[in-house]
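With the hints as your guide, set chain B onto chain A.
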Amino acid sequence: MDKNDQPVKKRKYGSLSSSAKKERRQLDLMTLPTVIWYGLFCYLPLFGMVFAFKEFTPVPGKSLFTNLFVNSPWVGLKNFSYLFRNPLSRSVILNTLTYNIIFLAAGIAIPVALAIFLSEVHQKKFQGLVQMTLVLPYFISWVIVGYCVYGFLSTDTGLFNSVLKYFGADPVQWYQSPQYWRTIIILLNIWKTSGYTLIIYLCSITTIDRTLYESAALDGASFMQRVRYITIPHLRPTVATLFILGIGSLLSSDFGLFYQVPMDSGALQDVTQTLDVYVYKSLMINANFSYSSAAAFLQSAVGCVLLIISNLIIRRVDKNSALV
Amino acid sequence: MKEITTFTTPDGRSIDGSKLPESLHFDKKSIFVKPEDSSFGKKTNIVVIIVFTLIVVVAFLPILLVIISSFSSEESLTKYGYSFFPHELSIEPYRYLFRSGGTLSRAFLNSVLITASGTLLGLAIMCPCAYALSRKEFAHTKGLMIYLLIPMLFSGGLVSTYMVNTQILHLKNTYLALILPGMCSTWYLMIMRNYFRTSVPDSLIEAGKLEGVTPFQSFWWIVMPICRPVVMTVAVFQMFSYWNSWYPALIYIDSNHRDLYPLQYVLVNIDRTVQSLTREAAYTSGMMNITLPTTAMRMALVVVTILPIMILFPFFQRFLKTGLTIGAVKE
Chain A
1 MDKNDQPVKK RKYGSLSSSA KKERRQLDLM TLPTVIWYGL FCYLPLFGMV
51 FAFKEFTPVP GKSLFTNLFV NSPWVGLKNF SYLFRNPLSR SVILNTLTYN
101 IIFLAAGIAI PVALAIFLSE VHQKKFQGLV QMTLVLPYFI SWVIVGYCVY
151 GFLSTDTGLF NSVLKYFGAD PVQWYQSPQY WRTIIILLNI WKTSGYTLII
201 YLCSITTIDR TLYESAALDG ASFMQRVRYI TIPHLRPTVA TLFILGIGSL
251 LSSDFGLFYQ VPMDSGALQD VTQTLDVYVY KSLMINANFS YSSAAAFLQS
301 AVGCVLLIIS NLIIRRVDKN SALV
Chain B
325 MKEITTFTTP DGRSIDGSKL PESLHFDKKS IFVKPEDSSF GKKTNIVVII
375 VFTLIVVVAF LPILLVIISS FSSEESLTKY GYSFFPHELS IEPYRYLFRS
425 GGTLSRAFLN SVLITASGTL LGLAIMCPCA YALSRKEFAH TKGLMIYLLI
475 PMLFSGGLVS TYMVNTQILH LKNTYLALIL PGMCSTWYLM IMRNYFRTSV
525 PDSLIEAGKL EGVTPFQSFW WIVMPICRPV VMTVAVFQMF SYWNSWYPAL
575 IYIDSNHRDL YPLQYVLVNI DRTVQSLTRE AAYTSGMMNI TLPTTAMRMA
625 LVVVTILPIM ILFPFFQRFL KTGLTIGAVK E
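As they're listed, the protein sequences go chains A and B.
At position 281 of the first sequence the residue is numbered 281 (my numbering), and the sequence of numbers has no breaks.
In short: position in the second sequence from 1, add 324, done, that's my numbering.
Please note that the accuracy of each hint is not assured.
[Unchecked claim] To be clear about the criterion: a stretch of chain A counts as covered by chain B if any three or more of its residues have a C-beta under 8 Å from a C-beta of chain B, and this derived list gives those stretches:
#, stretch
1, 39-46
2, 84-91
3, 218-227
[What the hints assert, rightly or not] Far from chain B by the CB rule (all over 12 Å, computed), these chain A residues:
#, residue
4, LEU32
5, VAL75
6, LEU97
7, THR98
8, ALA105
9, ALA106
10, ALA109
11, LYS165
12, PHE167
13, THR183
14, ILE232
15, GLY266
16, ALA267
17, LEU312
Simulated from the structure, these hints should not be mistaken for lab results.
It should be emphasised that the depicted structure is a prediction, and the values quoted were computed from it without experimental measurement.
Ideal Cβ placement from N, Cα and C applies to all residues, glycine included.
Only chain A is shown next, with the shape it has when bound in the complex:
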């Protein structure tokens, strides 16, 4: 936090003139609605995390508080040990981790490469056009993306099967064939997010002092040398920021991508079920409060710890690149 955050003179209300007191009170009042909102929608659920350490046995007709704190016994870490012993939830956790690591790597490599090449294109208008088309998917919901995918993969009317039929091959039941879906999901994630990160990296490249490139050109540096010695070192802090944020959500996943895009197909569950889908299903379909909240707690806690650790490590290596 920077120094400007501190009020210049810390004085108690009592020693201020009445107009200054009124002024401060009005400022306090202006923050009140937000404070209440955070209380209701962030802090109340935060206390609800005790679900993860309880065997939730609600008595109908009682309030949530009595049910949670009086009627439900503490079970310690039982919910968590169940989560790790159950083969289904173990594969779900593994799925989530694998996808996120791939997303993280692809989400850095591809947009950085695109940004480097795009930034060297002579026509600035073309650069703008490319950015704006590639970022469009970012502003489209997964529901819509699901229908775009359906247009290609539908068994009876999908484009892919029409093409297969045209070449005399057998049509594929895409929504029943899990072997294709890892690739599909990874491609979709790249398609939807890389436009956004491309803009960030490109913007970051434009902040590089142009004279560096000019003198490199005078010294006869090749394209690869310029990228290696000027562009990439300058992009490092931005990459680090996005990397830390990505690490922080290593156990979270985009619910829409894994639930809506595969159309909740049972046959694809092994490759499409991630923690968020698992939590949703165990809450809404099996009404299993304790396990799903244990899973949710795990997500939050692991994310928080990883965020802090990766930030610490990056601060050790390169102070400028860390978040705080």
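Structure of chain B alone, referenced to chain A:
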């Protein structure tokens, strides 16, 4: 001016056209002049442009397929499937959508209502808070910052959020469930606070104070007009996120409260929706065995849903770009 911007000085003592704003930097004549900071020759440049054009086209194909399919006749779709080159064009799917009335227009109105009220309410409570945070005389800056940052690191998760919203706040099956939970974000609060602090001269507010202007008045009459760009950026992002949201509807709206469905959620539930549309159409036309062009209609509904985004997108570009890069770009 033109010489500086269009041209490269060979002796290296350039007067630095690159330091000028980009709008000056490239006029029509300069398009085929190689900027001195690019290492691409003319040929490489063209190859890279072609590659990028291909990438852009491929990236746009999925959306294009949906748009083209929505203008195809039902027969050509059932016979030949979705295709970029439909055998027969038709606007029949759209005619059915508009005639089916009831369910869909209600859903469209719901989406508009939720988007508008969510965005406005969110700004109405976030802006004053960001203003207070940006003022030096605000007494609780540090405490409030911590209060706002903790939820960024730690969230209660779906289960407890669901329990709190349904059992304590009683939001199940109400519009409020679709509006309230997404209203504020620490990220936006920080963006606005930083902008308020850097772009409003302190002297302006101090001068106002001498005239007896209260903090709320100076917020409304001085800060808001100056900081319209950042407020618009947040507004645009909130609008898109409300328009695209369907998860709250999935969780909080039961299937017997269909009249609360936003457009996106109608799409999630499309098969059931198509059934009820068929029933509606049968009812209004008096025929029992009516068949709707459902294969094409799905895609038409998708197009209706993304249409507002596609239309507004070019206008909001400026805000989108600042919104995306704010905070993440480090110099």
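To see whether the hints hold, each was checked on the structure:
With 7 residues having a Cβ less than 8 Å from any Cβ of chain B, the stretch 39-46 of chain A passes the three-residue criterion, so the hint holds. Evaluation of the coverage hint for the stretch 84-91 of chain A: breached, as 0 residues show C-beta separations to chain B shorter than 8 Å, against a requirement of three. Remark: the stretch 218-227 of chain A is confirmed as covered by chain B, as 5 of its residues place a Cβ nearer than 8 Å to a Cβ of that chain, reaching the required three. The beta carbon of LEU32(A) is not kept farther than 12 Å from every beta carbon of chain B, the shortest such distance being approximately 8 Å.
With a least CB separation of 15 Å from chain B, VAL75(A) remains clear of the 12 Å interface cut-off, as annotated. Non-interface status of LEU97(A) relative to chain B is upheld: no Cβ of that chain comes within 12 Å, the nearest being about 18 Å off. Distance check for THR98(A) against chain B: the nearest CB is about 22 Å away, which clears 12 Å, and the non-interface claim stands. No beta-carbon of chain B is positioned within 12 Å of the beta-carbon of ALA105(A); the least distance is around 18 Å.
The claim that ALA106(A) lies off the interface holds: its Cβ sits roughly 15 Å from the closest Cβ of chain B, which is beyond the 12 Å cut-off. The claim that ALA109(A) lies off the interface holds: its Cβ sits roughly 15 Å from the closest Cβ of chain B, which is beyond the 12 Å cut-off. With a cut of 12 Å on Cβ distances, LYS165(A) falls inside the contact zone with chain B, its closest approach being about 9 Å. Residue placement check: PHE167(A) keeps its beta carbon more than 12 Å from all beta carbons of chain B (closest about 14 Å).
With a least beta-carbon separation of about 15 Å from chain B, THR183(A) lies farther than 12 Å from that chain, consistent with its non-interface assignment. Non-interface status of ILE232(A) relative to chain B is upheld: no Cβ of that chain comes within 12 Å, the nearest being about 14 Å off. Every beta carbon of chain B lies more than 12 Å from that of GLY266(A), the smallest distance being close to 16 Å; the non-interface claim holds. No Cβ of chain B approaches the Cβ of ALA267(A) within 12 Å, the least distance being about 18 Å, so the stated non-interface status holds.
Remark: the non-interface label on LEU312(A) is consistent with the geometry, its nearest Cβ contact in chain B lying 14 Å away (cut-off 12 Å).
In the structure shown, a violation is registered for the earlier hints numbered 2, 4 and 11, in ascending order.
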